[in-house]
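Peer 1: Can you make the complete structure from the sequences, with help from the hints?
Protein chains: 4
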Amino acid sequence: MIILMEENASEEDIKRVIQKVKEVGFKAHPDTGDKHTIIGVVGEGDRDYILHNIGTFPGVERVVEITQPFKLASRTFRPEPSYFDIGGIKIGKDHFLVIAGPCAVESREQVFQTAKSLKQEGIHFLRGGAYKPRTSPYSFQGLKEDGLKILKEVGEELDLKIVTEVMDTKEVELVAKYADVLQIGARNMQNFSLLKEVGRTNKPVLLKRGLSATYKEFLMAAEYIMSEGNYQVILCERGIRTFTDETRNTLDISAIPVIKRYSHLPIIVDPSHACGNWRYIIPLSKAAIAAGADGLIVEVHPNPQNALSDGEQSLNLQHFSDLMKQIRALAEVEHKIIN
Amino acid sequence: MIILMEENASEEDIKRVIQKVKEVGFKAHPDTGDKHTIIGVVGEGDRDYILHNIGTFPGVERVVEITQPFKLASRTFRPEPSYFDIGGIKIGKDHFLVIAGPCAVESREQVFQTAKSLKQEGIHFLRGGAYKPRTSPYSFQGLKEDGLKILKEVGEELDLKIVTEVMDTKEVELVAKYADVLQIGARNMQNFSLLKEVGRTNKPVLLKRGLSATYKEFLMAAEYIMSEGNYQVILCERGIRTFTDETRNTLDISAIPVIKRYSHLPIIVDPSHACGNWRYIIPLSKAAIAAGADGLIVEVHPNPQNALSDGEQSLNLQHFSDLMKQIRALAEVEHKIIN
Amino acid sequence: MIILMEENASEEDIKRVIQKVKEVGFKAHPDTGDKHTIIGVVGEGDRDYILHNIGTFPGVERVVEITQPFKLASRTFRPEPSYFDIGGIKIGKDHFLVIAGPCAVESREQVFQTAKSLKQEGIHFLRGGAYKPRTSPYSFQGLKEDGLKILKEVGEELDLKIVTEVMDTKEVELVAKYADVLQIGARNMQNFSLLKEVGRTNKPVLLKRGLSATYKEFLMAAEYIMSEGNYQVILCERGIRTFTDETRNTLDISAIPVIKRYSHLPIIVDPSHACGNWRYIIPLSKAAIAAGADGLIVEVHPNPQNALSDGEQSLNLQHFSDLMKQIRALAEVEHKIIN
Amino acid sequence: MIILMEENASEEDIKRVIQKVKEVGFKAHPDTGDKHTIIGVVGEGDRDYILHNIGTFPGVERVVEITQPFKLASRTFRPEPSYFDIGGIKIGKDHFLVIAGPCAVESREQVFQTAKSLKQEGIHFLRGGAYKPRTSPYSFQGLKEDGLKILKEVGEELDLKIVTEVMDTKEVELVAKYADVLQIGARNMQNFSLLKEVGRTNKPVLLKRGLSATYKEFLMAAEYIMSEGNYQVILCERGIRTFTDETRNTLDISAIPVIKRYSHLPIIVDPSHACGNWRYIIPLSKAAIAAGADGLIVEVHPNPQNALSDGEQSLNLQHFSDLMKQIRALAEVEHKIIN
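Residue numbers (our numbering), protein chains in the order written: chain S, 1 to 339; chain G, 1001 to 1339; chain Y, 2001 to 2339; chain R, 3001 to 3339.
The set of hints was computed from the structure by calculation and includes no laboratory data. Don't be surprised by glycine CBs; every beta carbon is placed ideally from N, CA and C. Keep in mind that a hint or two might mislead.
Said to hold, decoys possible - With a cut-off of at most 16 Å between alpha-carbon atoms, the simulated EDC-like pairs for lysine to aspartate or glutamate come out as follows:
hint	chain 1	residue 1	chain 2	residue 2
1	R	K3027	S	D31
2	Y	K2170	R	E3171
3	S	K35	R	E3171
4	G	K1216	R	E3246
5	G	K1027	Y	D2031
Stated by the list, open to error - Covered stretches of chain R, as calculated for chain Y (at least 3 residues, CB under 8 Å):
hint	region
6	3127-3138
7	3160-3169
8	3220-3226
Peer 2: Shown next as structure tokens:
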């Protein structure tokens, strides 16, 4: 960190700050420029103190954080891309993960029909929401445990792994009984209690980026999970909130190379929530693989017109088949193995 | 809602949509313009279906939502401003609520010293965090139940009401034993499980706006609480995330008149989190009361330089006293009673 | 357009609005719902009046615009993608345009060296700034007419088309003497005087999207140029301003399918300004072609470390060659001809 | 500035950077921490080089700018608030400037009627657009020189100063003949040619903040004007673009204390464009004065229902009179003289 002193900071002010920097464990390296003094803060000490409190000392203009605060999620901790295995299926590195399925679990029939077409496309991961975070309390909130049971049954019958969302610390244990991958939704990305709770399970976690989360906050959320001992985190870019109105959110495609620069964790893309409109899903999915993403999670519904949630952003089975054809063509150029 | 058909939509397309609109319970009023047909959707039916699924029908360009989806939180439900009483202290209408205290509870001494100075200023509500949502898992996470006990003791000794955050559905019962007002933090504004849980208590809830929540989402979060039977919701504008970098967030001062237009709920302002810098708190607080806010929640610390969190955005006791002097002068012009 | 009346609007209020709607040339189709009356506004009349003034009538809650306001830029005007020819080189449809070169023209030597390597890669369009919009008045402002001369000379020697920015209505004539394509920068996207001025030339215009321009505003800026008679407009997505800090801007990759849905104009991507960091340019360029873009404009400098502006976001010649290799592989899959 | 080296930067990398820092005129102060080396860059040298090019050197992770780049606009250049006089009327310090009038000049009658009511309220500055920046080329573009003549005549008759927008470098001379204050619109805040051109006149300039301009960019735009010799710049906060949809833009009320911290220039607020709805103008205007603004610019129209532009965001004469009454009450508390 760097402490920037005000131009009119006195000798006294500077001394006081340097002493405090040392007190909290760091070394202080002051540089006196022509106008401002800056104080480099190095070593190991109480970061929070410098970031949040030193700004209250007389003569301090600002504190600038220059290094990244995440540890376990960083490339420093693990220089090579993370690479793991979920029930025999490889994730990360040369593998391109495809997770597909309906937004919400509605019935066994609906899940089974979708799952069969995934199977035909050679897909291994089925998504479906049993607990649904909805903006309105009056909207369909999911089938809850009944939905989990449907997913499990269909998954076992067709040998598909199940990815499903958990929204409440009280339900983590239950959901973990049925799911192969626990999903944390965008609205819960900074629900720190929930992050710690899934960090204490041994299930891989699919962590969605919050609507207005910076890259640092996103990786710090992963850090919460990892700091509890669970290193199997898959990040998911699903669009950020901006001023645009035609798309539901703005897919931040740059998140892919940026996250890959700073972290070893795999990152996949959710084009369905990013744009909110099935018409744009194929081009955005293609952009994702071309930009280096490690996978996709996409909403597919056998009959989007009758979906109980998010029908407009779901591909039907024919469109999904088109998507996979185009993704396969790109995967070949990119030397990725789809699974 | 309005369904806008594409210019090249066929007669067939239009009929199919109209029939579906009726099937889900609404009346359909088509208007054939020179280019587009638009279909007005009126009456009572399955709103979600129209909003999320009708867009998948051939020939539909877009669905436009024109009325507000919240009910209990709306002016239609209750035309006059809500007005309630917390332990004898009036909230809303002509009353201007001031809640102050440290970001985090650190020790009995720190809380007591702050509380005494609130008392001197005639303030009735003490805030302090026992459970702290922190970006980093390595930062101080709060004293937990020990912190709640300190708040309770000091509150009883000095006759102050306690406002404190709850972060986890598992902890609602515990926190409610100690607190007079349950606070839901910005990062949990769409933690729907938590909203429902506090909605089932009989404690007033201070609901902070999410970093990128629209007004509609903010009021729908209140609706979640109210739909469980708890109508004592105080809204809190605490800054939204934008591109600006000098302030931590951007205080959306317009939220005050906008929320007051559409909802009967009281709305207060948190200038501390909005700007993240004690230097800007006084002008922003003054803006809040002048714009019609129903109160303030502000961070005050007897010794901000030693605060365990957010020192830079805390007022010291002298600055807090200055703030109150200026707020009192404005309250007089605005015919508000500070409590 | 739709006019939404307030719930408590009187019969009188509604009549007054309907009469006014008719007065300004439209037909009014009122629908009386259970709560609100909505008035559909159809036909041809004074749109501005409805959008900006009817909201002041008693009882009006809001006006909702549902159809797109652009005409010449729309798919309705021209259903097929625009396709034109710049000095023998095809733009649009199956052709993928690559424009490359330094941010600023610094010397004949620098431009020539870059241009030669474009030539080796089979590129036809050379970019370079002679007039530079810089945040600071103390930064290098470009070589002005001397820069234009260098571009022209090098362009003629190596048979390259010249793309260069014009910033001032006073300079349009001069710049048009040297340039094959006139570039309008993001900061001037709503400099309407400049748009009209370039609309009166017969030179193709490369129009960059403003930092916070909606799709509608972007297309309306194109409409300004087209309404003066110049239909050769190439749109350019170059990143929007959001809260992210690691990249200079956020590349809005969805702009490509969205613009293609509503407009016939070709759209290219500028990854250099979008991310501001050479490390991310190759993945973003690949995303662009995969998402369906009609081309790229990319900063290339023979020696980025000595560039007079924007060195950090420039590719060096080796990286540019890598980029082209990867783009060619994708172009094959996408059935695009690079030129 | 601070140069942050990558963790794996070699000795060689560090030496190369230090040498370059010195070559471009600065002193380099390296600090070797436990992980990263950081290099403090102090003294006077080629800032642009460090900011834009050093990032391309091997081993450089990032450059952090820590001091402010503006000079003439800064508090360092002039520690006290700027204070100037426009035709006998004082601007800045204890004076609260009110500028009012219609969005667009439509007729002598309309301007005269509005101007008379300003006069009755003791206001000295009349605004009105003769050249109108409109999103659509098909919207009313202003009466141009005829509009300027109307403003001038009415201004002379009623002894009011005229504030009007200039959009084109070609028109600066003409507009300056009629206007007392030249307005630069938000969309032209970074039209650098225009900024320089008005900087060469001797007329005070009202500079509106761009829709997505940071504070630094805003002050750098003022710096462009000042660097040409014209120091009479009045800044205007008029709302920034965010994700909110109920208000046209988001009034950034924090801009007032932030700008006052870093700059000596006066800053006023435009609530009309910030919210786009007459209903919210009074509370936002009150917030502005309470937060310390130096004035207001507000749209007033004798008959908003018939305004040729922006009727919905205009106050009628009665509302304007209410506004002034409330502003006067606050001005008294704030010890400001309204003029």
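Peer 1: Now tell me, hint by hint, if it's right for this structure.
Peer 2: Each hint tested on the structure:
Between K3027(R) and D31(S) the CA atoms are separated by roughly 10 Å; this keeps the pair inside 16 Å, and the hint holds. For the given pair, K2170(Y) sits about 10 Å from E3171(R) by alpha-carbon distance, which is consistent with the 16 Å threshold. A threshold of 16 Å between alpha carbons decides the hint, and for K35(S) with E3171(R) the separation of about 41 Å lies outside it, so the pair is violated. Distance restraint check for K1216(G) and E3246(R): the Cα-Cα separation of roughly 9 Å lies within the 16 Å cut-off, and the hinted pair is therefore satisfied.
Taking the CA atoms of K1027(G) and D2031(Y), the gap is near 10 Å; set against the 16 Å cutoff, the hint holds. With 6 residues having a Cβ less than 8 Å from any Cβ of chain Y, the region 3127-3138 of chain R passes the three-residue criterion, so the hint holds. Given as covered by chain Y, the region 3160-3169 of chain R passes the check, having 3 residues with a CB less than 8 Å from a CB of that chain where 3 are the minimum. Counting residues of the region 3220-3226 of chain R whose C-beta lies closer than 8 Å to any C-beta of chain Y gives 3; at least three are required, and the coverage claim holds.
Violation of the numbered hints given earlier is confined to hint 3; every other hint is satisfied by the structure.
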